[in-house]
Amino acid sequence: DQQVKQNSPSLSVQEGRISILNCDYTNSMFDYFLWYKKYPAEGPTFLISISSIKDKNEDGRFTVFLNKSAKHLSLHIVPSQPGDSAVYFCAASVGGSQGNLIFGKGTKLSVKP
Amino acid sequence: DTGVSQNPRHKITKRGQNVTFRCDPISEHNRLYWYRQTLGQGPEFLTYFQNEAQLEKSRLLSDRFSAERPKGSFSTLEIQRTEQGDSAMYLCASSFGHHEGETQYFGPGTRLLVL
Numbered sequence: 001d002q003q004v005k006q007n008s009p010s011l012s013v014q015e016g017r018i019s020i021l022n023c024d025y026t027n028s029m030f031d032y033f034l035w036y037k038k039y040p041a042e043g044p045t046f047l048i049s050i051s052s053i054k055d056k057n058e059d060g061r062f063t064v065f066l067n068k069s070a071k072h073l074s075l076h077i078v079p080s081q082p083g084d085s086a087v088y089f090c091a092a093s094v095g096g097s098q099g100n101l102i103f104g105k106g107t108k109l110s111v112k113p
Numbered sequence: 114d115t116g117v118s119q120n121p122r123h124k125i126t127k128r129g130q131n132v133t134f135r136c137d138p139i140s141e142h143n144r145l146y147w148y149r150q151t152l153g154q155g156p157e158f159l160t161y162f163q164n165e166a167q168l169e170k171s172r173l174l175s176d177r178f179s180a181e182r183p184k185g186s187f188s189t190l191e192i193q194r195t196e197q198g199d200s201a202m203y204l205c206a207s208s209f210g211h212h213e214g215e216t217q218y219f220g221p222g223t224r225l226l227v228l
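Sequences listed follow chains B and Y, in order. Reading the first sequence from the start, the letters are residues 1 to 113 in my numbering. Reading the second sequence from the start, the letters are residues 114 to 228 in my numbering.
Hint data in this document are derived by calculation from the structure and do not stem from the laboratory. Careful: at least some of the hints might be erroneous.
[Said to hold, decoys possible] Subject to a maximum C-alpha distance of 25 Å in a straight line, what follows is the list of computed BS3-like cross-link-like pairs (lysine-lysine):
no., chain 1, residue 1, chain 2, residue 2
1, B, 105, Y, 184
2, B, 71, B, 56
3, Y, 170, B, 5
4, B, 71, B, 5
5, Y, 170, Y, 124
6, B, 108, B, 71
Just chain B, same shape as in the assembly:
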């Protein structure tokens, strides 16, 4: 039973436009959410996180939105750049990330010049 779901396996966006990656979760005990970016043959690289006490967190071109009532979060990348092309993983944890992260299956983002 998947507790963290990324329902879009892939997304293609034009350079300069907005990329929106979505993530749904089922466990209402999750209280910390993270987004990671992964290039082939490398480990995941941390992008941005959000605590359940917030509904938005921004870091440069990256913004994460959390809708607790819908158990949904999204990552917005504006403007998208070709270097953003990678697989993006959503992850969640209980207890402020003490212990294991539960990951989605990832969304492959392609940003076309």
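Given the coordinates of chain B, work out where chain Y should sit on it, guided by the hints.
Just chain Y now, with coordinates in the frame of chain B:
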């Protein structure tokens, strides 16, 4: 380089052999995690240490797997009697406590192929 490092980066072995991987966390991080990732999946939690204590183990961690973190520094993950199903990327991550939540920083991974 002050990131998480893992060795070796690649390992090819024959079924039935034992393999050992090493992870060196970011130096001030007291927590260390092992994950496994297979094709088309996100990383799956295996086990985690706080300092030298192993605090949590996933049901994915069969009795052929053992992890250690002597002296709370580097960690090793050993797989005994490897099987073809053990072929995966093995990822190590480390973190340090934060009032809002911890961010786990990952190493580059060790890709294991069992023939």
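Going through the hints against the structure:
1. For the hint pairing residue 105/B with residue 184/Y, the CA-to-CA distance comes to about 34 Å; that exceeds 25 Å, so the pair is violated.
2. Between residue 71/B and residue 56/B the CA atoms are separated by roughly 14 Å; this keeps the pair inside 25 Å, and the hint holds.
3. Distance check on the hinted pair: residue 170/Y and residue 5/B sit about 23 Å apart at the alpha-carbon level, within 25 Å; holds.
4. At roughly 11 Å between alpha-carbon atoms, residue 71/B and residue 5/B fall within 25 Å of each other, so this suggested pair holds.
5. Note on residue 170/Y and residue 124/Y: the hinted pairing holds, with a Cα-Cα distance of about 24 Å set against a maximum of 25 Å.
6. Only pairs whose Cα atoms come within 25 Å are accepted, and residue 108/B paired with residue 71/B is accepted, the gap being roughly 22 Å.
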